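J.: Chain by chain, the residues:
Protein chains: 2
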Amino acid sequence: MPATLKDIAQALGLSLATVSKALADSPEISPETKEKVWAMAQALHYHPNLVARGLRSRRSRTIGVIVDNVSSEFGSLVVAGIQDELLRCGYQMLLISAEKRPEQEKAGLAMLLERAVDGLILADTWHHSVETLPSEVTERNVPVVFVNRRVSIVGVDFVGPDDYYGAYLATEHLIGHGHRRIAHIAGPSGWQATDDRIRGYQCALKDYGLVYDPDLIIHGDWDLPSGYAAAKQLLSRDEPPTAIFVGNDVMAAGVLDAARECGLSLPHDLAIVGYDDREIACFLRPALTTVELPMYDMGLTAAMLLIDRLVRSRAEPVAVAVRGRLVYRASCGSHSLQDEGYAYRRWQARGGHTRSQKGYSGPVPIVEPSLNALQ
Amino acid sequence: MPATLKDIAQALGLSLATVSKALADSPEISPETKEKVWAMAQALHYHPNLVARGLRSRRSRTIGVIVDNVSSEFGSLVVAGIQDELLRCGYQMLLISAEKRPEQEKAGLAMLLERAVDGLILADTWHHSVETLPSEVTERNVPVVFVNRRVSIVGVDFVGPDDYYGAYLATEHLIGHGHRRIAHIAGPSGWQATDDRIRGYQCALKDYGLVYDPDLIIHGDWDLPSGYAAAKQLLSRDEPPTAIFVGNDVMAAGVLDAARECGLSLPHDLAIVGYDDREIACFLRPALTTVELPMYDMGLTAAMLLIDRLVRSRAEPVAVAVRGRLVYRASCGSHSLQDEGYAYRRWQARGGHTRSQKGYSGPVPIVEPSLNALQ
DNA sequence: CTCCTTCCCGAAAACGTTTAAGTAAATATT
DNA sequence: AATATTTACTTAAACGTTTTCGGGAAGGAG
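Chain order of the listed sequences is R and F. Residue numbering for the first sequence follows numbering that gives the first Met the number 0, beginning at 0 and increasing consecutively. Residue numbering for the second sequence follows numbering that gives the first Met the number 0, beginning at 0 and increasing consecutively.
Treat the hints as calculated values from the structure; they're not laboratory data. Treat the hints with caution; some may be incorrect.
Since the list gives no way to pick out one identical chain from another, each pair is judged satisfied if it fits inside one copy or across any two copies.
To be verified - Here are the simulated DSSO-like pairs of lysine-lysine, each with C-alpha atoms no more than 30 Å apart in a straight line:
id: 1; residue 1: K105; residue 2: K35
id: 2; residue 1: K20; residue 2: K105
id: 3; residue 1: K231; residue 2: K205
id: 4; residue 1: K5; residue 2: K33
id: 5; residue 1: K105; residue 2: K33
id: 6; residue 1: K105; residue 2: K5
id: 7; residue 1: K35; residue 2: K20
Keep in mind it's a predicted model, so treat the numbers as computed, not measured.
Work the whole structure out from these sequences, hints included.
T.: Rendered as structure tokens:
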């Protein structure tokens with residue numbers, strides 16, 4: 000049985016309240032008494048019981064996190080970002096992986112509330128009801144931050160990627176390499192990411208005076224075979240593109256398969272830029288130039304927003320778009336090929352995925368963050 | 000403010016104790032009263048305050064998990080396995096990612112204990128003191144399970160992979176394809192995994208009557224360039240191997256680079272088996288036949304062992320070795336190449352990584368689990 | 001009619017903490 | 001010198017449960 004306040008109080012002949020206040024460094028306790036209490040706490044290896052403290056103070060300093068899938072590259076990175084920021088601020092994380100099951104999502108939410116979490120981060124989830132939060136969470140008024148899934152619930156914060164910006168970067172990069180006929184293999188329609196990336200692509204074309212040919216956009220389903228099929232179709236045309244901006248890295252892998260099958264030499268005959276900066280991008284040959292989807296930073300930002308609400312009790316909701324950078328590898332031709340085998344080592348050296356604390360400095364309400372920044 | 004037991008009691012004119020016992024379905028409450036209490040609890044949206052319950056009952060039904068790195072493929076899979084089993088048993092998970100920082104590991108452990116976790120799972124971590132657990136955890140006697148990092152602490156459970164078995168599987172598979180000269184690119188010496196995989200490789204050679212040539216083992220450092228260099232060396236010999244069992248998938252990617260550079264046609268000129276079944280194995284060309292490192296199952300098993308201790312208060316420690324299976328892809332030649340682009344889709348279809356509840360049925364003390372099973 | 005069970009239920013303590021309110025002595029103010 | 005304020009501490013209530021103990025009522029046995 001670990002030491003409690005009572006043990007310290009008895010050992011020193013003081014009252015419980017005095018010890019409690021001394022440990023909290025309250026001004027109404029004399030310096031000498033504080034010293035004695037601190038010394039005794041040290042001697043008895045006292046550690047506060049956060050359960051009891053949470054019961055009394057009604058603040059548990061734990062945050063509930065529901066993520067769609069911890070074991071995915073995206074989910075785990077969001078979690079890593081959240082945890083780093085929470086730990087820095089003395090909070091801890093109760094984690095639930097919903098595994099795309101709405102009922103587990105709902106049950107998990109209830110369990111987190113029963114554990115009296117101070118706040119909630121819902122990452123890439125919340126499939127069952129987009130319109131409303133359960134009454135339990137609203138009436139307890141625990142703050143909520145949504146990550147990567149825009150919802151139309153009033154009063155909650157949102158953190159998402161700036162896909163518009165990222166797609167602009169990718170397309171601009173291809174244009175800068177002299178390409179004039181650039182195709183885009185997009186995600187399935189109906190996705191925010193698909194739309195934003197198409198818009199960024201179109202905007203870059205326009206800004207550099209290239210004509211936008213709707214036939215150069217083909218929709219895939221984010222999966223490898225769809226990228227393969229789309230590339231096959233593009234490359235079999237009379238006037239095939241010289242470059243393809245692919246909506247994600249997995250489809251880009253399919254594009255590489257198709258290009259290889261067509262006997263094309265990459266990146267000379269065809270330049271490719273992916274999206275996401277998945278780990279696989281370093282292992283494809285040629286290694287894939289791609290736009291980073293800043294999942295770690297998004298998690299970090301979500302935690303910052305939540306703690307901002309908790310400690311500064313900010314009221315007005317904000318929406319933040321986090322930007323990823325373009326990661327240069329061999330699939331665009333700008334890099335020398337000789338050291339591309341070392342791409343993974345470099346990827347790891349910079350901490351695997353980004354660990355920089357960029358993209359967010361204080362909560363600023365942004366409605367359409369990418370537009371004003373780009374134009 | 001959410002409803003409490005007192006609210007229910009007042010609404011029904013009952014005492015607090017009666018309501019508490021009714022909700023716990025205690026036999027000393029009449030069925031009629033129980034019905035009324037349950038109905039009222041439903042009506043008032045009552046949810047128990049687990050913080051208060053934890054304070055009183057001294058059991059929080061939360062498990063502390065410290066993992067080396069959540070954002071790695073391994074770490075996130077362990078976490079997923081742990082969370083699935085914990086959730087099934089009504090437990091929740093406080094997660095800390097130590098990021099290879101011993102001080103964060105130590106601080107995190109202290110924080111978890113302050114939160115009165117019922118048990119601890121230490122996955123791939125515990126770098127600072129292998130010999131002893133801190134006195135706080137022993138004197139509170141919270142059970143501990145170590146995952147993937149064997150420690151010489153008495154009385155704690157251990158879950159690890161059966162690398163000996165996996166390496167045997169891989170080598171046996173190459174032998175079955177007719178290869179007689181099989182090299183092994185091992186991990187750095189000093190690793191348990193390196194030794195076990197070498198021993199499995201040697202054992203398979205012996206069982207099938209092949210001579211073991213020490214020159215055919217080259218040590219790498221788990222990283223891509225080291226696999227590349229090792230393969231270059233092996234392939235430049237007078238009598239190069241016709242197959243290589245590579246100690247992990249990342250080095251195997253380097254082997255593929257080297258083979259491509261030597262103008263070899265895979266898998267005809269050189270067959271390759273990797274280890275880990277990382278996601279990248281599906282994206283390499285040819286897609287990599289590899290042995291699964293069952294991280295998800297290891298996490299699942301760790302949680303099972305912990306809960307077994309908690310609810311059945313098992314005393315004697317056990318060590319469990321979990322086996323992964325051999326995943327057949329193209330790099331060994333047994334598969335038709337035409338559909339290898341769909342490997343990722345199949346990989347996802349079976350749930351990404353393994354989600355089967357295999358490898359463990361009740362805690363059985365195993366000292367050297369692979370030996371007796373294989374022989 | 002009394003005694004003893006059995007069945008339900010209530011009173012109260014306990015878990016470890018925080019905090020509002022109270023108190024006695026010391027010091028400052030008029 | 002009387003009063004007001006400050007200082008440093010204590011008492012006690014509260015947070016929402018669980019659980020031990022006790023007690024009243026009903027019913028059966030003697």
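J.: Compare the structure with each hint and give your call.
T.: Going down the list of hints, with the structure as the test:
1. K105 to K35: between (49 Å within a copy, 26 Å between copies)
2. K20 to K105: between (40 Å within a copy, 27 Å between copies)
3. K231 to K205: within (26 Å within a copy, 48 Å between copies)
4. K5 to K33: Classified as within; 15 Å inside a copy, 38 Å across copies.
5. K105 to K33: between (46 Å within a copy, 26 Å between copies)
6. K105 to K5: Between copies, since 26 Å is at most 30 Å while 40 Å is not.
7. K35 to K20: within (13 Å within a copy, 44 Å between copies)
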